[in-house]
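A.B. asks: Its first residue numbered 1, the sequence shown is counted upward by one per residue in the UniProt record's numbering.
Be aware that one or more of the hints could be misleading.
[What the hints assert, rightly or not] Computed Cβ-Cβ distance ranges for the label pairs, DEER-style:
| id | residue 1 | residue 2 | range |
| --- | --- | --- | --- |
| 1 | 197 | 126 | 26 to 36 Å |
| 2 | 126 | 8 | 12 to 22 Å |
| 3 | 78 | 32 | 35 to 45 Å |
[As the list claims (entries may be wrong)] Distance condition first, Cα-Cα at most 25 Å in a straight line; then the derived SDA-like pairs of lysine to any residue:
| id | residue 1 | residue 2 |
| --- | --- | --- |
| 4 | 105 | 56 |
| 5 | 105 | 164 |
| 6 | 104 | 9 |
| 7 | 198 | 135 |
| 8 | 75 | 164 |
| 9 | 75 | 142 |
| 10 | 198 | 114 |
These are calculated hints, taken from the structure and not from any lab test.
For glycine and all other residues, C-beta sits at the position ideal for the given N, C-alpha and C.
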Amino acid sequence: MISAHWYSSRLQVTSGEYPEMIYDFYGFPEELSQVQYPAPGSPELAEQVRSLLQPENVELNPMRGFDHGAWAVLKFLYPDADIPVVQLSLNRLQPAEWHFNLVKKLSTLREQGVLIIGSGNIVHNLRAISWEHIDQIGAGYDWAYAFRDQINHAMTTQNDDELVHYEQFGENAALSVPTPDHYLPLLYVMALREHDEKVEFFNDNLIAGSLSMTSLLVG
Numbered sequence: 001m002i003s004a005h006w007y008s009s010r011l012q013v014t015s016g017e018y019p020e021m022i023y024d025f026y027g028f029p030e031e032l033s034q035v036q037y038p039a040p041g042s043p044e045l046a047e048q049v050r051s052l053l054q055p056e057n058v059e060l061n062p063m064r065g066f067d068h069g070a071w072a073v074l075k076f077l078y079p080d081a082d083i084p085v086v087q088l089s090l091n092r093l094q095p096a097e098w099h100f101n102l103v104k105k106l107s108t109l110r111e112q113g114v115l116i117i118g119s120g121n122i123v124h125n126l127r128a129i130s131w132e133h134i135d136q137i138g139a140g141y142d143w144a145y146a147f148r149d150q151i152n153h154a155m156t157t158q159n160d161d162e163l164v165h166y167e168q169f170g171e172n173a174a175l176s177v178p179t180p181d182h183y184l185p186l187l188y189v190m191a192l193r194e195h196d197e198k199v200e201f202f203n204d205n206l207i208a209g210s211l212s213m214t215s216l217l218v219g
């Protein structure tokens, strides 16, 4: 699992046997802070990730829990919380191309049946949120729709250069990705895509003007 909400100054991976829940948000209904998702960790897989990513220095973190970017997704995919989960942090000091190339070292995990999930938003601008449209599906600014469509096209045509160098889309990109944390998880998924694998979108809506809920499967 690669979540936008573990954005750190170094590369880390969860290595605890039973990571705790992290409720890293505020201003939301209290019910969200009561959600439980007691998925086990996997120290063995964490060590394998650390080994595969060498010579990058990867810190095993036995104390780190699962943030809401992880459990909010996994709770619907595996509601019984019976699948071991390991979360990899995003190194905020590195450029997009570094992230894209880094995760390619984990390609053998897919061959072993490990599901790799990226959790974030292609369009994520909290300062521009239209609160009166927070619950309106399809409510998006023109620039948000434009950037979503540009990135979707880059994915369907497998244009890795446009995905990595998304800033080439100018103002659309600057407004949609004011900080890279929510965009980068997409690169971890796209970098592991084989040449003949298709992208299947199963949710492609915008809400609140400046948030995209685009969700997709590869393979």
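A.B. asks: Indicate, hint by hint, whether the structure satisfies it.
C.D. replies: Against the structure, the hints come out as follows:
One distance hint, 26 to 36 Å for the beta-carbon pair residue 197 and residue 126, holds here, with the actual separation near 32 Å. Range check, residue 126 to residue 8: Cβ separation about 20 Å, and the 12 to 22 Å hint holds. For residue 78 and residue 32, the hinted distance range of 35 to 45 Å is not satisfied, since their beta carbons lie about 19 Å from each other. Distance hint between residue 105 and residue 56 is fulfilled; the C-alpha atoms sit about 11 Å from each other, no more than 25 Å.
For the hint linking residue 105 to residue 164, the alpha-carbon distance of about 17 Å falls within 25 Å, and the restraint holds. Between residue 104 and residue 9, the direct Cα distance comes to roughly 21 Å. Compliance with the 25 Å bound is thereby established for this hinted pair. Among the hinted pairs, residue 198 with residue 135 is inconsistent with the structure: their alpha-carbon atoms are about 31 Å apart, more than 25 Å. At roughly 29 Å between alpha-carbon atoms, residue 75 and residue 164 are farther apart than 25 Å, so this suggested pair is violated.
Under the criterion of a C-alpha separation no larger than 25 Å, the hint pairing residue 75 with residue 142 is inconsistent with the structure, at around 32 Å. A C-alpha spacing of about 19 Å is found between residue 198 and residue 114, which places the hinted pair at or below 25 Å, so the restraint holds.
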